[in-house]
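Chemist: If you want the building blocks of each chain, they are given just below.
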Amino acid sequence: MNRVKFFIPVIGFVALAIMFWRGLYLDPKVLPSMLIDKPMPEFQIATVAGGEISNADLPKEVFLLNVWGSYCLPCLIEHPTLTRLSEEGDIPVVGVNYRDREDLAIDWLEENGNPFVFSILDEDGRFGIDLGVYGAPETYLVDADGVIRYRHVSPLTEVVWKENFLPAIAEIRSEAESSL
Amino acid sequence: MKLIRRLHKAKLSTCLLLLALTIFSAITVPEVVAQVDTFKFETDEQEARFRTLSNELRCPMCQNTSLTGSTGGVAQDLRREIHRMILEGMSNAEIEQFMFERYGDFIFYRPRLTTNTLLLWFGPLIFLLIGAFLGFGIWRRAKQVNIADVELDPEQQQRLKDLLGNKQ
Numbered sequence: 030m031n032r033v034k035f036f037i038p039v040i041g042f043v044a045l046a047i048m049f050w051r052g053l054y055l056d057p058k059v060l061p062s063m064l065i066d067k068p069m070p071e072f073q074i075a076t077v078a079g080g081e082i083s084n085a086d087l088p089k090e091v092f093l094l095n096v097w098g099s100y101c102l103p104c105l106i107e108h109p110t111l112t113r114l115s116e117e118g119d120i121p122v123v124g125v126n127y128r129d130r131e132d133l134a135i136d137w138l139e140e141n142g143n144p145f146v147f148s149i150l151d152e153d154g155r156f157g158i159d160l161g162v163y164g165a166p167e168t169y170l171v172d173a174d175g176v177i178r179y180r181h182v183s184p185l186t187e188v189v190w191k192e193n194f195l196p197a198i199a200e201i202r203s204e205a206e207s208s209l
Numbered sequence: 029m030k031l032i033r034r035l036h037k038a039k040l041s042t043c044l045l046l047l048a049l050t051i052f053s054a055i056t057v058p059e060v061v062a063q064v065d066t067f068k069f070e071t072d073e074q075e076a077r078f079r080t081l082s083n084e085l086r087c088p089m090c091q092n093t094s095l096t097g098s099t100g101g102v103a104q105d106l107r108r109e110i111h112r113m114i115l116e117g118m119s120n121a122e123i124e125q126f127m128f129e130r131y132g133d134f135i136f137y138r139p140r141l142t143t144n145t146l147l148l149w150f151g152p153l154i155f156l157l158i159g160a161f162l163g164f165g166i167w168r169r170a171k172q173v174n175i176a177d178v179e180l181d182p183e184q185q186q187r188l189k190d191l192l193g194n195k196q
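For the record, the sequence lines run as chains H and S.
Going by this note's numbering, the letters in the first sequence line up with residues 30 to 209, in that order.
Going by this note's numbering, the letters in the second sequence line up with residues 29 to 196, in that order.
The set of hints was computed from the structure by calculation and includes no laboratory data.
Just to be clear, a hint being listed does not mean it is correct.
[What the hints assert, rightly or not] Computed cross-link-like contacts, DSBU-like style, restricted to lysine-lysine with a CA-CA straight-line distance of at most 35 Å:
| id | chain 1 | residue 1 | chain 2 | residue 2 |
| --- | --- | --- | --- | --- |
| 1 | H | 191 | H | 34 |
| 2 | H | 58 | S | 171 |
| 3 | H | 191 | H | 89 |
| 4 | S | 68 | H | 34 |
| 5 | S | 189 | S | 171 |
| 6 | H | 89 | H | 67 |
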């Protein structure tokens, strides 16, 4: 019994050490999205340099929803990846122009190229709130039924694409096949 | 001897300084209000509710700032939404539910009591109980020590007196 008692502090120390060690590698800035496995919020909204659209106009396949703004410097980091994805035609990319001005957004797309099927014009950030956005860039993965399946905050680099998005997309597509 | 006395004094003043610092740092400075929105309300009660809500809801973009204290874009938008919802007659619970559905538990400075937050709410109490239990155990065992067993015999008493006497 005394032996066991002697080891209690040691066990306590090891448990705390493991907890703190793990804590070192947690990023408090990454918040889980509340909208995972929930449908896209209902919307009826204008697009950048385009007409009004609603949920019915979204792609009927797995697509990316990318939150961007002309003021957003990290968006330039992910822009080559988005451009490549849309050029290769593997997955449609829908934009959300978040808290921006339409004229600035149009200039930005002209200067950097437009990888988006269309960009939802969310000047006052109201659509962003429904989506749980807290700052550009954010990228959501939405399935063919319009259900949000995954969210990534910070630039969508090639590494993030390969390590996080490709497996998630493969899972969604295999699910869709097995349900047929 | 003088040196030792001086050191003693220095230690005392250091202790006092540390104590003072501890006390002052415990008195929190009221949050600097960064927002300059000019929202109009119909009643003072609505305005008070707005203040409470934006003080108790956390800016999702920042790590530790309330909606009141944040100049972040999303915080501005959320303050605007709170204002709109209050004017539309929504209750605090409804507004909090709106925020929870979009930003989760992170948005609350006063987290809701759910299975996920049980440890957060009652963890400190558990640690307090563990501490009290251990403290009680130590106190009880200290009481059981038989004084006669550890008391000095007359010979040891004499030696102790000699030793102390020599020092003085």
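Chemist: Hey, residue 58(H) versus residue 171(S), does the alpha-carbon distance stay inside 35 Å?
Modeler: Roughly 51 Å between the alpha carbons, so the hint for residue 58(H) and residue 171(S) is violated.
Chemist: Are residue 189(S) and residue 171(S) close enough, with their CA atoms no more than 35 Å apart?
Modeler: It holds: about 27 Å lies between the C-alpha atoms, which stays within 35 Å.
Chemist: Please verify whether residue 191(H) and residue 34(H) have alpha carbons no more than 35 Å apart.
Modeler: Given that 35 Å is the threshold and the Cα spacing comes to 50 Å, the pair is violated.
Chemist: Does residue 89(H) sit within 35 Å of residue 191(H), going by the straight-line distance between their CA atoms?
Modeler: holds, 23 Å
Chemist: Please work out if residue 89(H) and residue 67(H) have their alpha carbons no farther apart than 35 Å.
Modeler: holds, 16 Å
Chemist: Just to be careful, I want the Cα atoms of residue 68(S) and residue 34(H) compared with a cutoff of 35 Å; is the pair within it?
Modeler: Not OK: residue 68(S) and residue 34(H) at ~64 Å, beyond 35 Å, violated.
Going through the hint list in order, the structure does not satisfy hints 1, 2, 4.
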